[in-house]
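Chains as they are written, first to last, in numbering that gives the first Met the number 0: chain A, 0 to 349; chain B, 0 to 349; chain C, 0 to 349; chain D, 0 to 349; chain E, 0 to 349.
Any given hint could turn out to be false.
Copies of one chain are not kept apart here, so a pair can be met inside one copy or by any two copies together.
Below, a list of computed lysine-lysine pairs in the DSS-like style, where the Cα atoms sit at most 30 Å apart [said to hold, decoys possible]:
#	residue 1	residue 2
1	290	344
2	2	40
3	347	19
4	347	153
5	347	213
6	290	346
7	54	155
8	54	213
9	155	119
10	2	155
11	40	54
These are computed hints drawn from the structure, not numbers from a lab.
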Amino acid sequence: MSKHSIKAGLPPGSLIHVGKQKVENVRIRLLRYSEDKWTEKELQVSQASLEGLDKSSVYWLRVEGVHDADTIGQLGRGLGIHPLVLEDVLDTGERPKIENYLDYLHLEVKTVVYNSQAGKFNLEQESFVLGENYLISFSESSADIYNPVLERIKAKAGMIRSSGADYLLYALLDVIVDNYFVALEGLGEEIDGIQDELVTNPVPATMHFINELKTQMLYLHRSVWPMREIIGFLARRETPLVNESTQLYIRDLYDHIIQVMDTTETLRDILTSMMDMYLNSVSNRMNEVMKVLTIIATIFIPLTFIVGVYGMNIDNMPELHWRWFYPVLWVIMFAIAVGMMVFFKRKKWW
Amino acid sequence: MSKHSIKAGLPPGSLIHVGKQKVENVRIRLLRYSEDKWTEKELQVSQASLEGLDKSSVYWLRVEGVHDADTIGQLGRGLGIHPLVLEDVLDTGERPKIENYLDYLHLEVKTVVYNSQAGKFNLEQESFVLGENYLISFSESSADIYNPVLERIKAKAGMIRSSGADYLLYALLDVIVDNYFVALEGLGEEIDGIQDELVTNPVPATMHFINELKTQMLYLHRSVWPMREIIGFLARRETPLVNESTQLYIRDLYDHIIQVMDTTETLRDILTSMMDMYLNSVSNRMNEVMKVLTIIATIFIPLTFIVGVYGMNIDNMPELHWRWFYPVLWVIMFAIAVGMMVFFKRKKWW
Amino acid sequence: MSKHSIKAGLPPGSLIHVGKQKVENVRIRLLRYSEDKWTEKELQVSQASLEGLDKSSVYWLRVEGVHDADTIGQLGRGLGIHPLVLEDVLDTGERPKIENYLDYLHLEVKTVVYNSQAGKFNLEQESFVLGENYLISFSESSADIYNPVLERIKAKAGMIRSSGADYLLYALLDVIVDNYFVALEGLGEEIDGIQDELVTNPVPATMHFINELKTQMLYLHRSVWPMREIIGFLARRETPLVNESTQLYIRDLYDHIIQVMDTTETLRDILTSMMDMYLNSVSNRMNEVMKVLTIIATIFIPLTFIVGVYGMNIDNMPELHWRWFYPVLWVIMFAIAVGMMVFFKRKKWW
Amino acid sequence: MSKHSIKAGLPPGSLIHVGKQKVENVRIRLLRYSEDKWTEKELQVSQASLEGLDKSSVYWLRVEGVHDADTIGQLGRGLGIHPLVLEDVLDTGERPKIENYLDYLHLEVKTVVYNSQAGKFNLEQESFVLGENYLISFSESSADIYNPVLERIKAKAGMIRSSGADYLLYALLDVIVDNYFVALEGLGEEIDGIQDELVTNPVPATMHFINELKTQMLYLHRSVWPMREIIGFLARRETPLVNESTQLYIRDLYDHIIQVMDTTETLRDILTSMMDMYLNSVSNRMNEVMKVLTIIATIFIPLTFIVGVYGMNIDNMPELHWRWFYPVLWVIMFAIAVGMMVFFKRKKWW
Amino acid sequence: MSKHSIKAGLPPGSLIHVGKQKVENVRIRLLRYSEDKWTEKELQVSQASLEGLDKSSVYWLRVEGVHDADTIGQLGRGLGIHPLVLEDVLDTGERPKIENYLDYLHLEVKTVVYNSQAGKFNLEQESFVLGENYLISFSESSADIYNPVLERIKAKAGMIRSSGADYLLYALLDVIVDNYFVALEGLGEEIDGIQDELVTNPVPATMHFINELKTQMLYLHRSVWPMREIIGFLARRETPLVNESTQLYIRDLYDHIIQVMDTTETLRDILTSMMDMYLNSVSNRMNEVMKVLTIIATIFIPLTFIVGVYGMNIDNMPELHWRWFYPVLWVIMFAIAVGMMVFFKRKKWW
């Protein structure tokens, strides 16, 4: 849980970083591209400005690192972004949301980067400010997941170079949603991996593992759920900043986010039924243990009583002196034991 | 779970097959029919085109096999289908959906073919592109479930020959929904088949079987649920591609899909209560086992104590030397055993 | 579950009976009534027609028995009813529904006839076709539950004779809904009947009985739930076939169906808490059994050890030769037993 | 459950009392009040009429006792009330509802009178007919809960004397809702009362008590839930019979009914978690019992084996003849017992 | 639960304090501020009035202490506030709500002040009356949580001094919502603190602690849930009392309240799964205990039987006289014990 409470009592728009520092320095790069060319350069905070932009190009300002409130504040003022936006950018515990500031759109989303070694994913916050022909992206760390889009821009692959900033936003959101699939499939494989173990050898560690996966699914669900509204807002074109030509792609993205939610639900249902199976396996093993105890105890308790009888020191016990009594007694005890076993067998306890 | 993640980072409309190859080669057949005649021919990929279609006929282009991205891509370009449609056709893990491209409708649905031997069903994806007087269907494997419709066209049964492409789409969806009923009734019979076993002989395998059925119902539910929206969209005639005369039949189909969902829900509720009954049966058997242990132990433990007393080697134990002590002791022990049994009987433990 | 699947692949409007035959022959009777007189006659299939009806009378065509697809088909063609309606009439597994065919309304509802001897109810399907001044009713068996309405018509009781066909439909639906109350109250009494047994003597049969009641409630719920929409459709007067004067009565009926659903919910909640109580009773009894075992075992195990000690044949055991050792030992053992009991009493295990 | 089923098959508006007789005779009193004066008189059934009412006064006709269908029927005809209203008045098992008859409103609500001695509440039905300047109230028994309102009218307290019949209705509903709070707080105190008992001494009776409270909450919930719609209908002023000046008060009442529902939900959640705590307490006690058994048994079983060994009559057992064997054996056995105890202590079983 | 029931039967607007007295005396302070200056003074009840307010200033009337119905009543009359508002102010058990009185808005909200020592939070009620350029706040105790806002006003920090009364209301609500985060994070830390304990040493006290946290979350949820509607009402600007410039901040606040609800849900889910883990831990420990019993009992029961056999006093038992029988018997018994252990080891019971 993030430490939102450190901002209690402060006025709105107070710029305080909430979260962990993930990169050394804040790095700002500006990518400018149009149909025929692209340029990229690294900017100082003081250089960033939205004035004098060429309408025929798309500008992508990538900010990597949001731990430095001063830098982000200075940058925001230079770009003319509302303090409330900057506050959200700095607060990495914000819920995904979309806010329409008329001139620009403000989006907060979560990326999920799955680490297959650790079997876990990291949630990071991405903030976007979408203007008419510019997009500003704020990442908590170095935004490697955007690399495929960068390469497509540079390689002029697909229609990205001939589209506007809204298509760029779509392309980045698409990469983010694709990473949800990567995470879900990774978790799905882990779940498959413990299916067998569950029945053959249910140990408490299995249960903790299932519980941890459930908690992870819970956090994933909380991050994905608001994405539906955000992408739905874009898909309905409630803002003129989204062009009609992009709408079709965003609707496709919307279908993907629905599918992510579906898969999340399915995995949660499967985890729940795995938990049931685990508990059942444990209880089955316990029952087996108890049955063995019962069978051994019920066979030997009467026999122990019998041998106890003939261990008594009472004077007048005629059986003790019969000639074949000892072997006969063995036969009797054997018969009792066998009788018991037959009884258990019939009752299908064995 | 399908491997959607292999497309992570690719631009939209990237044609990559996601799923398993189910037939050897992609096969394309064109069926043309009107009120008075029908012709069918096999096409090469390069021959497929939507130009110069006769308005008075209905054209059904059947594509069987979607594993070859190149072929599907070439076909799609020839037919002028949007790349996003082709991407969905190739991705067999897509959620059922309907998308309106103004000139044509794009549908993704799931067929459920029940295999009564295996007691399982196979989910396959069917894609449709519905135009003014043509329908293109993409099947993962050879689409045998469409055979009844084919025969009806050729035999001029019902009103299919005198209706348009929308009625053809209806007829195919109707067959698909009918197959849901086949699957549900098959599963229903399997469930009936284990009802008795559940009470008389609850083994862990039963539980795994119930769990597997539940998982199957879950996947079925996920496939059927979005069908409601799809058929509802058609039934509300939100597109001019659906004629008023067909609407009545689609409303009937809508009722069927609601009934499928109802039955799915009922089966899930029954499976849940079967699980409860299974757990209860197991617990009843365990209780029975424990009762037998308790009864035998509580009867013999005091008796064993008594015979232990008279096995002591203490010098001065007058009872040992009484003449009738041995038979009297037997009587006493017998009385204790009977008393215990009566006690248990009264407590209704027996 | 009905065998809907036998229709898989057939064209819409295929007339196939799904369900069980419940009467020998299909019987068709026509009741014609107006303010001042009534006549009733038995019809042959070929005689049924909707032409030349007198606008000042109400015509009620009662069809009893829907197992004969040919007869129903011939009848339907004579009356000019759409094949989709006839298909639903013949398929007794249809979900309750209402369908507006402009000239007439088509309703499918379920009757619940409670059999107090068997403690069960039978679900049967009733189909209605409501026209301007006629009502056609299709019953699976002889429709005895309509008798009160028939008598009211013949006896000119209430306002039925002076009202139209829509009021007749209301009257029949009212009788059907009243029978839901009869069934619910019957089930309610059965539930009351096992309340006591549940606590005093919980046997597995009780649980199966509760489970069966739950399944019955489930089917009842599935039949009643869609009735809400149907009656709501009529109450909102979305069709001119329902007169304003009848609307008030249908709204009253709507309240009744809401009450039926409420009662169903209440009974389900009660059954769920009975299940909990049953499981708790079973577990209480088991705990009692285990406590008796524990108490007897923990009292006698130490005592048996003690008498075992003095049964040893070791040469040098001075106690064995003490004069009062035997009675002293009894006192010691008695003290141990009493001490144990006091301990258990204090712990409130007794 | 009420015996609604006795009306099965009867025409609508059939006047049959459903429920229990709660007062000796039906008593009818008419209270007439205006800003400056009030009069009250007892009426015969035949005297009741709505004709010739003075527009400047408010008339409140209180009917106590609804068991006599004839009297209520005669009264209803005299007042010109629709038979469906009278049917609902007589059927005390009706669900709370509101029905707009244009000239007048018909309300059915439930009063909850809490009996703190019995720890239970009684549900009774109140029916209202609200006209332009009259209110008719039907109570099952003597309507003592209205006394505060009566006194306020007579004492000219508050604004009731200067307001219309709609305010009178509001005042009566307000008293009814206040009584829900009384019942909820009473149940809340009972729940608090068993909190301690739950942990220290969980007996099956506690569980039945919780279950009974849950059932009571269930019935309360079913009675309160429809009240929300009823008061919401009045608060939205969907009828001209409610004046704008009263609306504010009804909105306040609406907030109260929401609060009643909230409290009901909270109590149900608390009861559910109490049930969990009860089951956990029972299971904890059982575990404690089992642990004692296990500890005593595992300590003494090996010791009993040892003394059994030296009770054997085998000729050649050298230990038996060692001089210090007996005390040494005691030391060994004591060491085993202590070792066991230390083992259990380490495992934190003690 | 508050004692709302003491008002049963009283007319609306009856001024009765429901709750606990939390401060000695009611204290009333008036803060007046505008862009360039601020003044604060303590008022007597009789001095409070809304007449002659300067339109260019904002007036904040802070009332601390609502236990004295007379004082609040006198104050309310002086300010011209509706009696229903005053009634709600005095009833500290009211549900959060917003009510539009056209001239002014009335809000009831709950503050949550977390006490980290006690690990609990206190719920207190705050009432607001928002007029055109005044805000009246009623607090149950000394409203220390407003101090940050007071300081911002006095220090002219942020835009509060240049905004209207609606911004002041926003600022106070913002502080209240921030305190929800403080409470949630405090509870979150407590939950983290017991995570480890849960698995290593599950004691019943842990369960009661979890249950108590759940109850606290329940009350928090009930307080936060209606806040959504209240802030949503303000954010939609359904009243002209909220300026457009403030709307953006209120929308930000709305996002925060959604996040509070999300966090509440997450914590509840975590508590539920902790409960499951606790129960599982308890059951695992119990199973371990039972296994030890079973293993020790099943090893020694057969051995005890064997030594019992050779303790019998039967005359003719040849083994007793064999020379090496005693050591051989030890070997046999040892072999049985080892065999048993191997059997258990193979079954993975150890």
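Each hint tested on the structure:
no.: 1; hint: 290 / 344; result: both (12 Å within a copy, 17 Å between copies)
no.: 2; hint: 2 / 40; result: neither (35 Å within a copy, 37 Å between copies)
no.: 3; hint: 347 / 19; result: neither (60 Å within a copy, 40 Å between copies)
no.: 4; hint: 347 / 153; result: neither (72 Å within a copy, 60 Å between copies)
no.: 5; hint: 347 / 213; result: between (37 Å within a copy, 27 Å between copies)
no.: 6; hint: 290 / 346; result: both (12 Å within a copy, 13 Å between copies)
no.: 7; hint: 54 / 155; result: within (19 Å within a copy, 41 Å between copies)
no.: 8; hint: 54 / 213; result: neither (48 Å within a copy, 56 Å between copies)
no.: 9; hint: 155 / 119; result: neither (34 Å within a copy, 47 Å between copies)
no.: 10; hint: 2 / 155; result: between (42 Å within a copy, 27 Å between copies)
no.: 11; hint: 40 / 54; result: within (19 Å within a copy, 53 Å between copies)
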